[in-house]
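With the hints as extra help, turn the sequences into a complete structure.
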Amino acid sequence: MSKILDTFLNENLEVLRDQGLYNEIDAVEGANGPVIQVNGKKLVNLSSNNYLGLATNEELKQVAKDAIDKYGVGAGAVRTINGTMDLHVKLEEKLAEFKGTEAAISYQSGFNCNMAAISAVMDKNDAILSDQLNHASIIDGCRLSKAKIIAYNHSDMDDLRAKAKEATESGLYNKIMVITDGVFSMDGDIAKLPEIVEIAKEFDLITYVDDAHGSGVTGKGKGTVKHFGLEKEIDFQIGTLSKAIGVVGGYVAGKKNLIDWLKVRSRPFLFSTAVTPGDVAAITRAVQMIIDSTELHDKLWENGDYLKAGLKKLGFNIGASETPITPCIIGDEKLTQVFSKRLVEEGVYAKAIVFPTVPKGTGRVRNMPTASHTKEMLDDALAIYEKVGRELGVIQ
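Per the working numbering, numbering through the sequence shown is continuous, rising by one, with the last residue being 468.
Wrong hints could be hidden among the right ones.
[To be verified] Simulated restraints on C-beta separations:
id, residue 1, residue 2, range
1, Asp377, Thr128, 51 to 57 Å
2, Glu274, Asn389, 35 to 41 Å
3, Arg414, Asn197, 35 to 41 Å
[To be verified] No more than 25 Å apart at the CA atoms, straight line, and that leaves these computed lysine-lysine pairs for BS3-like:
id, residue 1, residue 2
4, Lys371, Lys447
5, Lys218, Lys196
6, Lys137, Lys166
7, Lys273, Lys304
8, Lys304, Lys237
9, Lys166, Lys328
10, Lys220, Lys133
11, Lys166, Lys273
12, Lys166, Lys133
13, Lys114, Lys142
14, Lys196, Lys273
15, Lys114, Lys423
16, Lys385, Lys447
17, Lys335, Lys166
18, Lys237, Lys247
19, Lys423, Lys162
20, Lys380, Lys335
21, Lys273, Lys247
22, Lys292, Lys137
23, Lys114, Lys447
24, Lys113, Lys423
25, Lys113, Lys413
26, Lys423, Lys385
27, Lys335, Lys304
28, Lys137, Lys113
29, Lys196, Lys162
30, Lys114, Lys380
31, Lys384, Lys423
32, Lys432, Lys447
Keep in mind that the hints were calculated from the coordinates and are not lab data.
Predicted, not measured: the structure shown is a model, and the values here were computed from it.
A virtual CB, placed ideally from N, CA and C, is assigned to each residue, including glycine.
Set out below in structure tokens:
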């Protein structure tokens with residue numbers, strides 16, 4: 073290894089460890105369900121984004137196996153050469169139905185969606201109004217586009233309107249986009265989409281919503297845009313297929329001409345092999361399940377409300393979440409890491425979330441109850457939270 077590289081890595085890794093910002097990655101020994109095994113120990117799992125429990129659903133597992141038997145384990149090529157199977161076409165038709173749009177396009181991950189879609193439409197002559205707490209993939213997608221990035225204060229509609237007015241009246245930009253998460257994953261709050269749409273209409277802004285943590289969770293499962301009834305008002309609906317859907321991949325949904333453009337101009341679509349047949353089959357069935365029934369959605373919210381109430385009663389700072397996402401905000405990064413470590417030792421898998429995922433001084437343990445948790449599991453977790461919280465002085 074290069075001496076310069078070796079020195080750089082060792083010095084900076086040590087800095088991260090000293091600041092409590094180095095994240096140890098554990099291996100889960102088995103399926104990622106409501107209870108997992110790590111290092112031979114059973115733990116109540118509150119760290120998964122498997123919101124509806126579909127990652128371990130028996131029907132989806134069988135559908136994936138059947139698709140592998142028929143189509144094989146891989147798509148064989150990029151979509152534009154010969155990697156588009158009838159499975160992919162059916163999936164995209166189902167995603168468009170799910171999101172209430174004319175068309176949809178699938179990608180290998182939600183991260184890829186933002187890298188693909190933003191840079192396919194925006195360029196150095198444009199500007200993007202981006203919420204300060206948007207996901208890293210949005211930030212990177214904006215950077216890749218080379219558009220001027222104008223951050224507005226988190227969910228501050230006065231600030232958004234002022235910056236939209238300034239950008240529009242400057243005459244410097246051909247196109248201006250406003251981009252936001254639908255649900256902000258670290259705090260659980262929901263974007264103010266009706267107000268954003270109103271501002272977008274006033275200044276002719278392109279509207280872009282990344283609903284990675286909203287699909288399956290809000291809008292009776294159909295997402296944050298559906299929650300507000302704004303399917304006809306949002307230009308880009310982005311989502312992941314690895315969270316509530318339980319598999320892997322991502323999608324963009326919108327008007328047909330937008331999807332047609334992405335098929336010829338978005339680089340991850342053009343230069344990366346399609347999602348595998350088994351995954352596509354499982355995703356398609358999962359989406360249909362969410363369309364057909366709100367049972368899993370309703371159970372998720374029931375469990376989320378139960379855990380929130382329990383943690384709040386114990387005295388934890390759970391922020392202002394509007395969804396089942398439930399942060400316990402500790403603050404100090406080192407204390408947050410110790411708190412998470414003690415939870416794991418006692419039987420709850422809830423990982424520390426620290427800078428750069430969240431701002432410095434706002435370290436927290438992010439809890440995500442799912443539709444698969446039982447009340448007994450959540451009660452066990454609450455008892456452990458109380459023990460560790462009092463031990464470390466986080467609660468009295």
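Hints, one by one, checked against the model:
1. Asp377 x Thr128: 51 to 57 Å: Once the Cβ atoms are compared, 23 Å apart, the range 51 to 57 Å for Thr128 and Asp377 is violated.
2. Glu274 x Asn389: 35 to 41 Å: holds (37 Å)
3. Arg414 x Asn197: 35 to 41 Å: Given about 52 Å between the Cβ atoms, the range is violated.
4. Lys371 x Lys447: Holds, at about 11 Å.
5. Lys218 x Lys196: Answer holds: Lys218 to Lys196 is near 5 Å, not above 25 Å.
6. Lys137 x Lys166: holds (20 Å)
7. Lys273 x Lys304: Holds, at roughly 12 Å.
8. Lys304 x Lys237: Since the Cα atoms of Lys304 and Lys237 sit roughly 23 Å apart, the hinted pair holds (cutoff 25 Å).
9. Lys166 x Lys328: holds (14 Å)
10. Lys220 x Lys133: The hint is violated at about 44 Å.
11. Lys166 x Lys273: violated (29 Å)
12. Lys166 x Lys133: holds (19 Å)
13. Lys114 x Lys142: violated (36 Å)
14. Lys196 x Lys273: holds (23 Å)
15. Lys114 x Lys423: holds (15 Å)
16. Lys385 x Lys447: holds (16 Å)
17. Lys335 x Lys166: The given pair, whose Cα atoms are some 17 Å apart, holds under the 25 Å limit.
18. Lys237 x Lys247: holds (13 Å)
19. Lys423 x Lys162: Violated - the C-alpha atoms of Lys162 and Lys423 are around 37 Å apart, more than 25 Å.
20. Lys380 x Lys335: violated (42 Å)
21. Lys273 x Lys247: With Cα atoms ~13 Å apart, Lys273 and Lys247 stay inside 25 Å; holds.
22. Lys292 x Lys137: violated (29 Å)
23. Lys114 x Lys447: This hinted pair holds, its Cα atoms lying about 17 Å apart.
24. Lys113 x Lys423: holds (16 Å)
25. Lys113 x Lys413: holds (14 Å)
26. Lys423 x Lys385: Judged against 25 Å, a Cα distance of about 21 Å means the pair holds.
27. Lys335 x Lys304: holds (21 Å)
28. Lys137 x Lys113: violated (29 Å)
29. Lys196 x Lys162: violated (36 Å)
30. Lys114 x Lys380: Holds. Lys114 to Lys380 sits at ~23 Å (cutoff 25 Å).
31. Lys384 x Lys423: holds (19 Å)
32. Lys432 x Lys447: Measuring from Cα to Cα gives roughly 34 Å; hence the hint is violated.
The earlier numbered hints that this structure contradicts are 1, 3, 10, 11, 13, 19, 20, 22, 28, 29 and 32.
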